[in-house]
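Protein chains: 8
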Amino acid sequence: MSKQYVRLDKDNAAVLLVDHQTGLLSLVRDIDPDKFKNNVLALADMALYFKLPTILTTSFEQGPNGPLVPELKEMFPDAPYIARPGQINAWDNADFVQAIESTGKKQLIIAGVVTEVCVAFPVLSAIEAGYEVFVIADASGTFNAMTRDAAWDRMSAAGAQMMTWFGAACELHRDWRNDIEGLGTLFSNHIPDYRNLMNSYFTLQEQK
Amino acid sequence: MSKQYVRLDKDNAAVLLVDHQTGLLSLVRDIDPDKFKNNVLALADMALYFKLPTILTTSFEQGPNGPLVPELKEMFPDAPYIARPGQINAWDNADFVQAIESTGKKQLIIAGVVTEVCVAFPVLSAIEAGYEVFVIADASGTFNAMTRDAAWDRMSAAGAQMMTWFGAACELHRDWRNDIEGLGTLFSNHIPDYRNLMNSYFTLQEQK
Amino acid sequence: MSKQYVRLDKDNAAVLLVDHQTGLLSLVRDIDPDKFKNNVLALADMALYFKLPTILTTSFEQGPNGPLVPELKEMFPDAPYIARPGQINAWDNADFVQAIESTGKKQLIIAGVVTEVCVAFPVLSAIEAGYEVFVIADASGTFNAMTRDAAWDRMSAAGAQMMTWFGAACELHRDWRNDIEGLGTLFSNHIPDYRNLMNSYFTLQEQK
Amino acid sequence: MSKQYVRLDKDNAAVLLVDHQTGLLSLVRDIDPDKFKNNVLALADMALYFKLPTILTTSFEQGPNGPLVPELKEMFPDAPYIARPGQINAWDNADFVQAIESTGKKQLIIAGVVTEVCVAFPVLSAIEAGYEVFVIADASGTFNAMTRDAAWDRMSAAGAQMMTWFGAACELHRDWRNDIEGLGTLFSNHIPDYRNLMNSYFTLQEQK
Amino acid sequence: MSKQYVRLDKDNAAVLLVDHQTGLLSLVRDIDPDKFKNNVLALADMALYFKLPTILTTSFEQGPNGPLVPELKEMFPDAPYIARPGQINAWDNADFVQAIESTGKKQLIIAGVVTEVCVAFPVLSAIEAGYEVFVIADASGTFNAMTRDAAWDRMSAAGAQMMTWFGAACELHRDWRNDIEGLGTLFSNHIPDYRNLMNSYFTLQEQK
Amino acid sequence: MSKQYVRLDKDNAAVLLVDHQTGLLSLVRDIDPDKFKNNVLALADMALYFKLPTILTTSFEQGPNGPLVPELKEMFPDAPYIARPGQINAWDNADFVQAIESTGKKQLIIAGVVTEVCVAFPVLSAIEAGYEVFVIADASGTFNAMTRDAAWDRMSAAGAQMMTWFGAACELHRDWRNDIEGLGTLFSNHIPDYRNLMNSYFTLQEQK
Amino acid sequence: MSKQYVRLDKDNAAVLLVDHQTGLLSLVRDIDPDKFKNNVLALADMALYFKLPTILTTSFEQGPNGPLVPELKEMFPDAPYIARPGQINAWDNADFVQAIESTGKKQLIIAGVVTEVCVAFPVLSAIEAGYEVFVIADASGTFNAMTRDAAWDRMSAAGAQMMTWFGAACELHRDWRNDIEGLGTLFSNHIPDYRNLMNSYFTLQEQK
Amino acid sequence: MSKQYVRLDKDNAAVLLVDHQTGLLSLVRDIDPDKFKNNVLALADMALYFKLPTILTTSFEQGPNGPLVPELKEMFPDAPYIARPGQINAWDNADFVQAIESTGKKQLIIAGVVTEVCVAFPVLSAIEAGYEVFVIADASGTFNAMTRDAAWDRMSAAGAQMMTWFGAACELHRDWRNDIEGLGTLFSNHIPDYRNLMNSYFTLQEQK
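Protein chains in written order, with our numbering: chain A, 1 to 208; chain B, 209 to 416; chain C, 417 to 624; chain D, 625 to 832; chain E, 833 to 1040; chain F, 1041 to 1248; chain G, 1249 to 1456; chain H, 1457 to 1664.
In case anyone wonders, no lab produced these hints; they're calculated from the structure.
The beta-carbon is built from N, C-alpha and C at its ideal position, and this holds for glycine as well.
There could be a bad hint or two in this list.
A few chain B positions that, by computed beta-carbon distances, are all more than 10 Å from chain A [said to hold, decoys possible]:
| # | residue |
| --- | --- |
| 1 | 249 |
| 2 | 282 |
| 3 | 310 |
| 4 | 339 |
Here are the simulated DSS-like pairs of lysine-lysine, each with C-alpha atoms no more than 27 Å apart in a straight line [stated by the list, open to error]:
| # | chain 1 | residue 1 | chain 2 | residue 2 |
| --- | --- | --- | --- | --- |
| 5 | C | 489 | E | 867 |
| 6 | E | 835 | G | 1353 |
| 7 | G | 1354 | G | 1258 |
Let's have the full structure, built from the sequences with the hints guiding it.
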């Protein structure tokens, strides 16, 4: 009667980054801005590292919402980039859905701003369309904890899997032996505590 | 096995405002009063903006519970207004249920004070009666976080969708192109961060 | 697919107070002691007010766990009182189950110390035995919030309804007209904010 | 050996509003935006109500910092308005100091964004220049609580009096009999709990 | 260079209870209402126990502020009771100051609602008038923690001693041998954890 | 429709301790280090006390992750110890699964670092493999509360039972009469409040 | 005008442990019990390590307050042990003051339960008597954060130095070269994070 | 009677970075690691930007404390670097003090790990030696908030100025016109909210 264990599979997963725009980010207050920026960039690095097809979408970049954060634009210069003309639920935009279908992937990793709208709406639509959906909760932000809690409740009840960028990276990688250095670098760049462990370790190794 | 995605539809939704009374509001301590006042008025503005049939109900206005907050009374001068003679669960009042049925809508957006009683009771009854129920969590308040958590758990387990006024507004609107200025004004009036974005943007636009 | 709405019914409900002992209370740290004391006594007053059959049980009163809090002993002088010789799950004690069966009630209102053991264990057993179970979350306490969250998750997943003493009282009462003064007194005695509302109101009434 | 009691005196006080700009406000995260907006407007209303000379100043309105929030501009159309060409400490701007001196007041009520810079710097300078300084802490905002705590420590150690808009209003008014309705309106407009008290009261009065 | 140790002396102390009114109490949100009610009554019990002259004062009882909480009225039927006609700072009321002077005491124990006004103003005035002032912080309440912190900073900088009802009771009593049972009863009635200790202890004693 | 009550049974349960390594522990920030250390050792003591087969596993002990905490190594000198060569999900390691199967137990008690990976992955795999899984939430740690909440949501939705070491110990023991002193010692060593109760009690007993 | 830097000197310091009794510990709720127990024992270990004269005192061990925690009794079998017959302020007990004077030390390191009474009172008295006083804040506990804040304010204003056991240990030791292993052991036993660092380090060293 | 306003002067200030070592950083739990890393690097960038003489010091890099974080080593390749052989208070190391004296500066900006030792000790010594001391509170970290509060209290009482890297940068810069682009870049690199403002602004500027 409980949810089946569907594992993230790097050969079957795509990443959707929804509305990480410079204006909208000023609305995010359920997570510290330093941490949030780090999490979003960590998710993007993860997508690049695992060569996951990644789709960018924004809402009204020309207006107060502001442009996509430049770092994301630079990291995915060739990714499908759907500047939606007005649809709030990205799934209502045919180009966006088409871009997803073109990847041929059946697992969708989604993050965005703000959680209860730009994330939750396409999450619910994607589940209905038959996709396995993994929400990257810590790369998604919103107004406050109460808003977030309501959004998590709705997405989880619909069958989405609530995850974080670190959990997703570990589930995609499966085995450190696939590439120790690559995964280690990803972690070192985005987890200060892990970077410290590594720096302590390698310094001591060199002293031998 | 998980909940289906039922979207809010502005042609099929009604709003129920339950017991936002000046006395009862002094019981609300799980949310800051400035924010709570803003959220309740935002929900009311949203109902007006989308022209959703709205029903007001109160419990013992003549006594310590106090009158309905005057702003709501003024915003909905012609709305059905059921001053319940004693029923705690508004759904136990035939006039209230009749008023809902008269709208012909099958989606109910509910908020009130206090969450675990004035909101949860009619929510559970409405689900049982076959309605799709959307709780506006941030326009509902109660004694403390523990009380709120218990109420959310009960409502969510029964199949209610936990939402916020902002999420509901976005799901009702579907597409900015339906009316950019109207929705923008609603947000500007009730989200200070969004108002700042707009003020920065339009000032800069004017400088051109 | 979601839980059905089972309403508390004052003619079909019994109250179980599990291990509110003077020693064990020093373990409770997920809720402030002033508030917790008030909530437990409010639940007891509620049981008396609605004349619900109430069953007391304790674990090792002679040892460090300490005696049942004297107030409860005094409030229910004739209630079944099962001093368990060793069973941790009160449901493993035949006298306790027998006492419940003797009430003939099918709805059980349960609170106790500590939440994940003295409450959760009989809650899970009672559900399995076919009872409708209502946990009074705010009259139950434990070591910390993490412990509480785990206990709530387990009980809710098993089908228990998470409630508070105030929510239970309102659901039992159904309609203020059944006895305005009685319910008002219960609230005035245990909700300082409500007492203030009433004092302001009646003072002003008298001035007329 | 302790600070002397210097009371705010409405005939000897001026208000300085420093850098409440639409862009800078997105940096404020030590206080909820709904509450902060309310506090700033309450302070402005207070200044108008007591007819205190008020001075506005901004930093780089043309750039990312954004314009002064329009509400303040509209509330004080004739107030001295010093758009600083670059000075971070407003006190380093001769026009600003000149505007203060022109008021002839010796008590300065200061609020702004962000607390440890735009507020603290002129506060420290003003004390050095011999003024009595009253910081309106809840109409001043900054990055986080740690930043705020450091700023408060520095200002308090220098001799500033830490206050809030409500405390300042009460100290300026001295006696309700000076104008019950005016002060009541100010409170009703900016303290939802107080508004509720008044609405309950006057409704009951009318029923007589 | 630091403050001298001035001890509370039961032969030289008076208690001032300022504006604990049923309406104003709805403004208090920096402390839980169950705890706050308990602390105020504990302070009152303490005053009675040590037979300290106690002075009550209120502000506009006829209006929205509401009457003095009835419990205090009943506990001090013969105490000076100054219903101020309008002065916000109680010290500006000659009758209030006269009542204090009539006690002949030089140490003042003060609590009230709200902290930064009804407490802080007479505290600052009393210090200026040469009294030793002890603020009972946990029997004083206000809008939020930021407001409280500002009020504490101002009072402490002025030389007030920040205390709690329990600390004051202990400093007044000096030695348990002066009356073990009396002090024990005071603590048992207002500190649930202490009551539990006593109940465990005496139960075990009786078992011998 | 809700989860069945599956009780922990000491004759049918095994304990899995996953990656409690000295380096990885520096990543744990959702629980205080003093408390976390105590909880992990309490869980280990519990396993020894109930003679539950226990399996240890680590990931890259030679690298920055650091060695298993020495206390665990010493407490379980003869336990299966699987130093995984690279698999992130311990269940992907055949030796680990083999060690579990060799125990012949069908209930698995799991704790580890970090929650959303080292705990959640084998939890989900074990459920899929037909085991009853009990997560010891308070002996598992991770980066922050948001990460933990996402992990709990995923595990709970999959059918895991969320528990704590204390709850598990009580459910395994069933009845104090099975061994009062043994369980009492376990609690005394890991619950300071319980130790205090016992010390107060036995001291008083000795005085008789 | 600010406090002079008085350094802790191991040849001139004594330790006072006030009322760490098994009953009174149940009152401590401003710090987690696991952490508090660790801090108190760390302070005791520190006193032993630096061979500081240590004085124990208790209040009414025979009654509900309970006995001194046994660990402290065992660690200081020969220390002066003043079981006060009734004085709440330990400084009012001539034996206690005499025991301090007998040490010939002029720096007093004080911790106890509860902070605003058992710690603050002798702290204030000791300063008045001319001692340099260092409060070990994290080995002192009380009812809640508000109570603690008031106590800190009073002690700090009087000239006490607020410290922690770790800070005191470091200031007493001055230079690691005085005994690396001893201080390292003290830290390893009471700071889990430091123990992890040491275990990682020495394991790696051994691998060479 | 209050502290004089001593302003940071870029021609008279030096920066001391004390014990930001990869091992010790695992002890820091009063501030989130993402934010702390950012703050320390921001302070370092600030020192470079204003060309302030900067001095690095560490304690036992060869042992568990670990090496200085590599980023700092790389940013200040030519800075005095004092690897202390054992002194806990860096001021007890003659080379460290000599390095400071060699700068000829009289204002010291200090940050380090952990706050109550590695920061507070040299802060107190430096004040005693006649320097003006500015603590960068948000680039200093320690075990928990209680430890930090005690350290702040001690340093502030001794006359240190509590600041943050942002406040210090603003006070050093004095006037944006000294270099708009340089300061803007510093802020953009270390304040995500400010970076967003700038990105929104410049994107819009380019659209003209």
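Here is what the structure says about each hint:
Distance check for residue 249 of chain B against chain A: the nearest CB is about 16 Å away, which clears 10 Å, and the non-interface claim stands. Non-interface status of residue 282 of chain B relative to chain A is upheld: no Cβ of that chain comes within 10 Å, the nearest being about 27 Å off. Look at residue 310 of chain B: its CB is around 29 Å from the nearest CB on chain A, clear of 10 Å, so calling it non-interface holds up. With a cut of 10 Å on Cβ distances, residue 339 of chain B stays outside the contact zone with chain A, its closest approach being about 17 Å.
Taking the CA atoms of residue 489 of chain C and residue 867 of chain E, the gap is near 24 Å; set against the 27 Å cutoff, the hint holds. The suggested pairing of residue 835 of chain E with residue 1353 of chain G holds, with an alpha-carbon distance near 23 Å, which does not exceed 27 Å. The straight-line distance between the Cα atoms of residue 1354 of chain G and residue 1258 of chain G is roughly 11 Å, inside the 27 Å bound, and the hint therefore holds.
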